[in-house]
Structure formats: C-alpha cells, structure tokens
Amino acid sequence: MPSIFLFAALALGHPLPAADTSGYALVWSDEFDTPGRPDPAKWDYELGFVRNREPQWYRPENATCRDGLLVIEARKERVPNPGFDSASGDWKRNRPFAEYTSSCLITKGKFQFTYGRVVMRAKIDIRKGSWPAFWMLGAKRGPVHWPACGEVDIMEFYRGNLLANAAWEGEQQTAWDEAKWPVAAWGGEKWGEQFHEWELIWDENEMVISVDGKVLNTIDVKAAKNARKGDLPFRDDFYLLLNVALGHGGEEIPDAHMPSRLLVDYVRVYQRSGK
Numbered sequence: 006m007p008s009i010f011l012f013a014a015l016a017l018g019h020p021l022p023a024a025d026t027s028g029y030a031l032v033w034s035d036e037f038d039t040p041g042r043p044d045p046a047k048w049d050y051e052l053g054f055v056r057n058r059e060p061q062w063y064r065p066e067n068a069t070c071r072d073g074l075l076v077i078e079a080r081k082e083r084v085p086n087p088g089f090d091s092a093s094g095d096w097k098r099n100r101p102f103a104e105y106t107s108s109c110l111i112t113k114g115k116f117q118f119t120y121g122r123v124v125m126r127a128k129i130d131i132r133k134g135s136w137p138a139f140w141m142l143g144a145k146r147g148p149v150h151w152p153a154c155g156e157v158d159i160m161e162f163y164r165g166n167l168l169a170n171a172a173w174e175g176e177q178q179t180a181w182d183e184a185k186w187p188v189a190a191w192g193g194e195k196w197g198e199q200f201h202e203w204e205l206i207w208d209e210n211e212m213v214i215s216v217d218g219k220v221l222n223t224i225d226v227k228a229a230k231n232a233r234k235g236d237l238p239f240r241d242d243f244y245l246l247l248n249v250a251l252g253h254g255g256e257e258i259p260d261a262h263m264p265s266r267l268l269v270d271y272v273r274v275y276q277r278s279g280k
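Take the sequence shown: its position 144, counting from 1, is numbered 149 in the numbering used here, and each next residue is one higher.
Please note: incorrect hints may appear among the correct ones.
No farther apart than 16 angstroms at their CA atoms in a straight line, the calculated lysine to aspartate or glutamate pairs in the EDC-like style are these [what the hints assert, rightly or not]:
no. : residue 1 : residue 2
1   : 145       : 211
2   : 113       : 208
3   : 115       : 51
4   : 230       : 211
5   : 230       : 194
6   : 227       : 256
7   : 133       : 256
8   : 81        : 257
9   : 81        : 95
10  : 97        : 44
Keep in mind the hints are simulated off the structure, nothing from the lab.
With these hints in hand, go ahead and build the complete structure from the sequences.
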C-alpha cells in the first residue's frame, strides 16, 4: 500500500495558486523543509493533558518534518501519567494513563503578532474521531484567562464539519461567533484527500477566515468586546497553535482511524508596513 507521504507528494505536485499577498510583507514563516523536529526557534509545545477532558497526551515526539511537510500524528498508545493521583478530583491527575498521544505546537514566547494575513496549506484527516486545528490564542493568556484572552479558530474540524470561529468573554458564558461547514457538501472523502489553503485576514475592524478562497466567516472585531473586562481582545497580540486532538465531546475514535495525521506544507504570516 502506498504510504501517506506518497499521497502527500502527489498532492504537492499540483499546488494551489499562491495567496494574493499584494500590499503585505512576509514577517514569519515555516516551510518545514528541514527533516527532523520542528524548528525550536519557531515552535514550542503544550505538554500532557491540556483542555476539554481530551484523551490525548501532548508531547513533542509526535511532530516531525518529513518530505517537506510538518507531520503531526495522533496515535493510539498507552503512556503513564507522571502526575497521577487517584485521590485527585482533577481530570488531568486522576487518570493513571493516557490512551492516546499527539502534539500541539505553539509559537507563544517565540512569535506573537497583531493584525495581518495568515496562510496555511495543509491536508487534514476528516475521519470519525479526528479533531485537527490551526488556531490562535491571545498572548496574554495566563494572566488573562480564557476566553477573555480571545481565541480564533482558522481551521478546526470535527464530526464532519469544518469550523471557523472566534471566542471571547460573554455576560454569563463564552461568546462565540461560529461558522460550521459540512465537508460532505464539498465532496467528503475526496475533499479530505487533497491539500487546501486556509487564510485569515485580520485588521482592526474585522477578521475574515477562508479556505481555497471561499469565505467561511467574517468576525466584527469592534463588536467582540469582553463583557466584564470591557476591552477588545482582537486588537492585541496573538500566537499560533497547530494540533491534532481526538474524540470531540466524547466522539468514538475508531481503532481503524489511528493514526490520525495533520500534514502541513507551510504556515506564513504577512503584515502591512507599519504593523
């Protein structure tokens, strides 16, 4: 059976037209051309169990650069939880093992920015149980708790839908500007076998998220005001994240769908002069 990397190479032989970057200058990018671990000058990692009671254990070992691609691979494999405490009420501590491993790459502390054009070309796994994402979080996350720090989902997929979202602090609960697009309407499995190009265009007024030139969502930056803090989180620095999670909301993760891979050709960030 041909390897997934052969399919990737075939797909890379027919690249999409380059994004229109007129008026923008490239300020940061990774082409993933150097084999081995992703560039440590550009990427850091989330570690362990992180959010949403997800089953995967994040670690650097599941990310590698090969054949000009970043490969993030979620695997079914049991690893011990070094912080296990059977008496703890914390879901991150009361699991003796993780049944899955994966990677989440982040640029926090290495590259953060306000406004610009963000482009990613990638091939995502759209099978049941897969939950890949390319997204951004406010760089003040930590001192400023989520969702007040802000979140932008440039590419998120689960349960048959491609999502393009933004989140911030609402009055009683998280405020979301959400868009869901069923990939079945675009060809389903055939669409999932191909590389696609996602793009975020972000300025002080709006964020426009698209794939292959099709607009998925437009978010009004001026209207996305934190209810209690009263600030506009999308007028501040953000950092990038790339990951493969699994089993959204407890969705079944079929063994036949493991491993699940996100293949990334490039990530590029452009900005207009003066910002």
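Now for the hints, and whether the structure bears them out:
In summary, the hint linking residue 145 to residue 211 is not supported, as the alpha carbons are separated by about 20 angstroms, beyond the 16 angstroms threshold. Annotation: proposed proximity of residue 113 to residue 208 is violated, straight-line Cα distance about 20 angstroms (limit 16 angstroms). Using a Cα cut-off of 16 angstroms, the hinted pair residue 115 and residue 51 holds, with the two alpha carbons roughly 14 angstroms apart. With a C-alpha separation of about 13 angstroms, the suggested pairing of residue 230 with residue 211 holds against the 16 angstroms cut-off.
Among the hinted pairs, residue 230 with residue 194 is inconsistent with the structure: their alpha-carbon atoms are about 38 angstroms apart, more than 16 angstroms. Under the criterion of a C-alpha separation no larger than 16 angstroms, the hint pairing residue 227 with residue 256 is inconsistent with the structure, at around 35 angstroms. Among the hinted pairs, residue 133 with residue 256 is consistent with the structure: their alpha-carbon atoms are about 8 angstroms apart, no more than 16 angstroms. The straight-line distance between the Cα atoms of residue 81 and residue 257 is roughly 13 angstroms, inside the 16 angstroms bound, and the hint therefore holds.
Of the supplied pair hints, the one linking residue 81 and residue 95 is violated, its CA atoms being roughly 23 angstroms apart against a limit of 16 angstroms. Note on residue 97 and residue 44: the hinted pairing is violated, with a Cα-Cα distance of about 28 angstroms set against a maximum of 16 angstroms.
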